[in-house]
Every structure is written in C-alpha cells, then in structure tokens.
Amino acid sequence: MNSQAESSLSRSLASQLRVLHALLMREIITRFGRENLGVLWLVAEPMMFTLGVTTLWTAAGFHHDSPIPIVAFAVTGYSSVLMWRNSASRACSAIAENKPLLYHRNVKLIDVLLTRIALEIGGATGSFIILSLVFIYVGWMPAPADLLQVMFGWVMLAWFGASLAMLIGAGTAYTKLFERLWHPTSYLLFPLSGAAFMVNWLPAKMQTFVLLLPMVHGAEMIREGFFGNVVKTFYSVGYMASFCLVLSLAGLYVVQRASRRLEL
Amino acid sequence: MLAVEHVSKQYATRQGSRKVLSDINFRLGRGEHVGILGRNGAGKSTLIRLLSGAEQPTSGRIHRGMRVSWPLAFGGAFQAHLTGLDNLKFVCRVYGVDYKPLVRFVEEFTELGIYFREPVLHYSNGMLTRLAFALSMAIEFDCFLIDEAMVVGDSRFHERCHLELFHKRKDRAFILVTHDADVIKLYCKNACVLHEGNLLSFSSVDAAYDFYRSTMAASPAPVEV
Numbered sequence: 002m003n004s005q006a007e008s009s010l011s012r013s014l015a016s017q018l019r020v021l022h023a024l025l026m027r028e029i030i031t032r033f034g035r036e037n038l039g040v041l042w043l044v045a046e047p048m049m050f051t052l053g054v055t056t057l058w059t060a061a062g063f064h065h066d067s068p069i070p071i072v073a074f075a076v077t078g079y080s081s082v083l084m085w086r087n088s089a090s091r092a093c094s095a096i097a098e099n100k101p102l103l104y105h106r107n108v109k110l111i112d113v114l115l116t117r118i119a120l121e122i123g124g125a126t127g128s129f130i131i132l133s134l135v136f137i138y139v140g141w142m143p144a145p146a147d148l149l150q151v152m153f154g155w156v157m158l159a160w161f162g163a164s165l166a167m168l169i170g171a172g173t174a175y176t177k178l179f180e181r182l183w184h185p186t187s188y189l190l191f192p193l194s195g196a197a198f199m200v201n202w203l204p205a206k207m208q209t210f211v212l213l214l215p216m217v218h219g220a221e222m223i224r225e226g227f228f229g230n231v232v233k234t235f236y237s238v239g240y241m242a243s244f245c246l247v248l249s250l251a252g253l254y255v256v257q258r259a260s261r262r263l264e265l
Numbered sequence: 003m004l005a006v007e008h009v010s011k012q013y014a015t016r017q018g019s020r021k022v023l024s025d026i027n028f029r030l031g032r033g034e035h036v037g038i039l040g041r042n043g044a045g046k047s048t049l050i051r052l053l054s055g056a057e058q059p060t061s062g063r064i065h066r067g068m069r070v071s072w073p074l075a076f077g078g079a080f081q082a083h084l085t086g087l088d089n090l091k092f093v094c095r096v097y098g099v100d101y102k103p104l105v106r107f108v109e110e111f112t113e114l115g116i117y118f119r120e121p122v123l124h125y126s127n128g129m130l131t132r133l134a135f136a137l138s139m140a141i142e143f144d145c146f147l148i149d150e151a152m153v154v155g156d157s158r159f160h161e162r163c164h165l166e167l168f169h170k171r172k173d174r175a176f177i178l179v180t181h182d183a184d185v186i187k188l189y190c191k192n193a194c195v196l197h198e199g200n201l202l203s204f205s206s207v208d209a210a211y212d213f214y215r216s217t218m219a220a221s222p223a224p225v226e227v
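First to last, the protein sequences are chains A and B.
In terms of our numbering, the first sequence opens at residue 2 and continues consecutively.
In terms of our numbering, the second sequence opens at residue 3 and continues consecutively.
Since the hints were derived computationally from the structure, they do not count as laboratory data.
The beta carbon of each residue, even a glycine, is placed where N, CA and C say it ideally should be.
It cannot be assumed that every hint is accurate.
[Unchecked claim] Far from chain B by the CB rule (all over 12 Å, computed), these chain A residues:
hint: 1; residue: 20
hint: 2; residue: 24
hint: 3; residue: 54
hint: 4; residue: 104
hint: 5; residue: 143
hint: 6; residue: 175
hint: 7; residue: 187
hint: 8; residue: 203
hint: 9; residue: 255
[As the list claims (entries may be wrong)] In silico lysine to any residue, SDA-like type, Cα no more than 25 Å apart, as pairs:
hint: 10; chain 1: B; residue 1: 172; chain 2: B; residue 2: 150
hint: 11; chain 1: B; residue 1: 102; chain 2: A; residue 2: 19
hint: 12; chain 1: A; residue 1: 100; chain 2: B; residue 2: 123
hint: 13; chain 1: A; residue 1: 100; chain 2: B; residue 2: 13
hint: 14; chain 1: A; residue 1: 177; chain 2: B; residue 2: 158
hint: 15; chain 1: B; residue 1: 21; chain 2: A; residue 2: 262
hint: 16; chain 1: B; residue 1: 102; chain 2: A; residue 2: 177
hint: 17; chain 1: A; residue 1: 100; chain 2: A; residue 2: 259
hint: 18; chain 1: B; residue 1: 91; chain 2: B; residue 2: 60
hint: 19; chain 1: A; residue 1: 109; chain 2: B; residue 2: 60
hint: 20; chain 1: A; residue 1: 100; chain 2: B; residue 2: 98
hint: 21; chain 1: B; residue 1: 187; chain 2: B; residue 2: 31
hint: 22; chain 1: A; residue 1: 100; chain 2: B; residue 2: 141
hint: 23; chain 1: B; residue 1: 102; chain 2: A; residue 2: 18
hint: 24; chain 1: A; residue 1: 100; chain 2: B; residue 2: 169
hint: 25; chain 1: B; residue 1: 21; chain 2: B; residue 2: 150
hint: 26; chain 1: A; residue 1: 100; chain 2: B; residue 2: 187
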C-alpha cells in the first residue's frame, strides 16, 4: 500500500469512528435521557430482566435433578438470550428512527446498525458480568471453571446476534415483514434456545433438532465454561461458526444493497 | 468541482418503477451559483438528495471534488427527540468540528431561547428552518445545496440568511432549487429547468424562466409522489 492510499484509509477510518461516536451519543441520549440512572439503564434494564427470570425460575422450582445451582443456570441462560435477541430487536427500528440522520453523507446504514448492535452487546455483557460477580461473591453461583471458554461462547453469541441484526435491520428497508416476523419468531425461539434446558436433558430426537439452532451451541459453550465437567454439553464450534459466517455475509450483502435503495 | 454524469434515478412505486430523473449531466465549479427551476414534483428535491450523497443514483455517477453540504431544507437531517443543542453536537461530531465555539452563534442566530435546549419535535416549522440554517452555517462547506424553503420564512430571517449565505459566503458555490424565479434572479447568474426528468441549461436566468413559464401553460402539474 502506498502512503497516499494509507492516509486516505486512515482518514476514512477516522471519519467512520467520528460517525459511530456521534450515533452512540445520539442513541444514549434519546433512549436513556439524562434523568435518574441515565446511561446506566443500558446495563440496569437487562439486569432487571435477568433477575426477574432468575426469581421466577427459582420460585417455580424450575430445575431438574441437576448439580447446577438454579441461579447460575438462569443467569447464564437468560443472559445468552439477551445476546442474540436484543441486537436484532433493536435493529428492526434502526432505519425508521435514524432516517433524518442519514441525510448526512457520512452517516451510513451500516453505522446506524453497528451502533445499536454495540449498545445491546455492551448492555447485555455488563449485566452478565455484574450479576455473575455479585452471585459468585454471595456464593449462589460457582466461579467459572474455564473463564476463556465462557468468553469464547459469549463472543460466538455476540457474533450470531450481530449478524442476525444486520440482516433483519437492513431487511426492513425492503419490507416491514422482517420486523413483523421477527418479534413472534424471537418469542418462539426463546424456549428452544437452550436458555431453559441443557441439551443433555432432552430425548435424543429433540437434541438433533435443537442443535440446528446456533444459539443453543453458544449457551452450551458458556455453561461448559461455567460448570466444567459437572455437566455434559453438546455443541459444535464449527457448526456455529459456519452458520454465523454465512449469516454475516448475507447480512452485509443486504446492508450494502439496502443502502443503495434507501429512500429518505 | 461537482460533476454529475449521466445520472438517473428511479423509485419503486406500487404501479411499478417510476423514473424521476433521466440522464442528468452538469458541472459546478468552485464559487459558482446556479438556480434550478422546477415545478412541484419535478424532482428538485430528489436531485438535491443525490447531489448531497444522502441517496444513491440508480445509474450514472456523481463526483464531489469539494465539500458539499447536506440538503438544506427545513426538517430534514434532525433527530426529533434530540434538542437543538444535541443536534448541533451530533452534526459537529459527524463532521469533525468542535461544537463549543459554535454554541453562541447558533443560539443567537436561531433565536430559539429556551427551546434551544428542548427536543426538536416541539419546534414550529419556522424554528426548524432557523436551526437547520444555523447548523449548516456552523460547518464550513465549499458548496451549499439549498432548498427554497430555506430562503423564505419571515423577512427578518430572510435578511439574516441573505447576509450569512450570499454575502459572508459569496465565494462558495451553491445550488438553489425553487419554483420562484425571482429568488434565482436575485442570487444566480445561471439557471436550469428541471422538466419531465430532464435538466435543461439556459444561457440566462430570463431564458430559463421563459421556458419554465411556457411549460406551466402547456400541461397540468405532475402528481406529487
């Protein structure tokens, strides 16, 4: 690369980062405002969801004869759901709510989507870390047996959520069907996503079926990382990675096509 | 230099694809002022959006060799839930400018009072226009794309726009789209007419206006889409 190309690349990168910063501030201000907790709601909101689900599952005795403490089971499970579901859900309205800002040439569809994805991943990650630390401290959750494995599963779920959000968010430029179908789909996928069960608990036939869903692999990875050999897990990194790769390429393609046809 | 080469734009409608602009060609050098006349629905705003890069042409290319503004029209380019001040900050971040030295100028120019720190969705059209104009003056561009809505408004605002844009920044290029020939005569040496998707150039503003008037007499206005 010659120096001219390099400087033009670094200029583009600087401009991209400026736009992402501007969009991030814009999202934070309009979504959380400056009153009471402000930006802390980004983490507080998913924490409240996770805590609520944890309480419900504990109260309902939603627990098989499993060596895993229910709190740890609920926190790992529901946090995994937040990772893939929230990015896609927020991406649905990304175009509609940012349309006027796309009048600025440097603000591109992909920036708008990346901003929302980053916020959702940040919020869900913050919530997962804080809840885990608190519960580990009070002894309701074991410390992760293999922290790297937890992080790896988490990154895989983030990848899946991000590529799904790209596809759905850009898809709404073509038809509102993406948004209309996503909400019932995500609702129906929740009980199948591996949040509320371990694959090992299912009959063999069901196992084959749920393992078609990539987020199940992510949840299993995270639980293996947390509980180690205490649990038997089923997942394939290769399957989930291939799924995410195809989804990412499809997502980027639709983003690129949608940017060209976007009408302001 | 802003160069437009063989630019066409089609929109999908429920009745099929509709061509709004066909094979548009023109060039605008630094400091040149051109007016574009066109009736309602002639495609003026579409052309401005393409020139600004907010939308992409269906075919052809646009080369921007100078810093071209966003379309200066009231309303567009704002996030309604942000305050006027937050919109200023947003625009400054996007264009890489420090907002702090600009707050006073924008506050004074817009005369929004306490509304400068209220969400834009509570603004009247007049307030939006003043904010839109002030923000675009806050960022330095070589070429301004101006919708006629920006140069109407009450006479006091009109005067101050005139001062900021056509006196203080008269060395900059601009493209003014309107259906009012008087506005163009006041500010531009050259004029074009956008008619049935084609951009026609004329040697003088008067010649352009004569043609424009003849098209008005010939057929009813096209349907707004």
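Verification of the supplied hints:
1. 20: violated (6 Å)
2. 24: violated (8 Å)
3. 54: Holds, since 30 Å exceeds 12 Å.
4. 104: violated (4 Å)
5. 143: The claim holds: residue 143 of chain A sits with its nearest Cβ about 43 Å from chain B, beyond 12 Å.
6. 175: Since the minimum Cβ distance to chain B is about 10 Å, residue 175 of chain A lies within 12 Å and the statement is violated.
7. 187: holds (25 Å)
8. 203: Consistent with the label, residue 203 of chain A stays out of reach of chain B, its closest Cβ about 45 Å off (over 12 Å).
9. 255: Consistent with the label, residue 255 of chain A stays out of reach of chain B, its closest Cβ about 15 Å off (over 12 Å).
10. B/172 to B/150: OK: residue 172 of chain B and residue 150 of chain B at ~17 Å, within 25 Å.
11. B/102 to A/19: holds (16 Å)
12. A/100 to B/123: Between residue 100 of chain A and residue 123 of chain B the Cα gap is close to 15 Å, so the pair holds against 25 Å.
13. A/100 to B/13: At roughly 17 Å apart (the allowed maximum being 25 Å), residue 13 of chain B and residue 100 of chain A satisfy the hint.
14. A/177 to B/158: violated (44 Å)
15. B/21 to A/262: It holds: about 14 Å lies between the C-alpha atoms, which stays within 25 Å.
16. B/102 to A/177: violated (40 Å)
17. A/100 to A/259: holds (13 Å)
18. B/91 to B/60: violated (33 Å)
19. A/109 to B/60: holds (17 Å)
20. A/100 to B/98: holds (21 Å)
21. B/187 to B/31: Given pair residue 187 of chain B, residue 31 of chain B holds - Cα atoms ~19 Å apart, limit 25 Å.
22. A/100 to B/141: Cα-Cα ~21 Å, so holds.
23. B/102 to A/18: This hinted pair holds, its Cα atoms lying about 20 Å apart.
24. A/100 to B/169: Given pair residue 100 of chain A, residue 169 of chain B is violated - Cα atoms ~33 Å apart, limit 25 Å.
25. B/21 to B/150: Cα-Cα ~23 Å, so holds.
26. A/100 to B/187: violated (34 Å)
In summary, the structure is inconsistent with hints 1, 2, 4, 6, 14, 16, 18, 24, 26 from the numbered list given earlier, while agreeing with the others.
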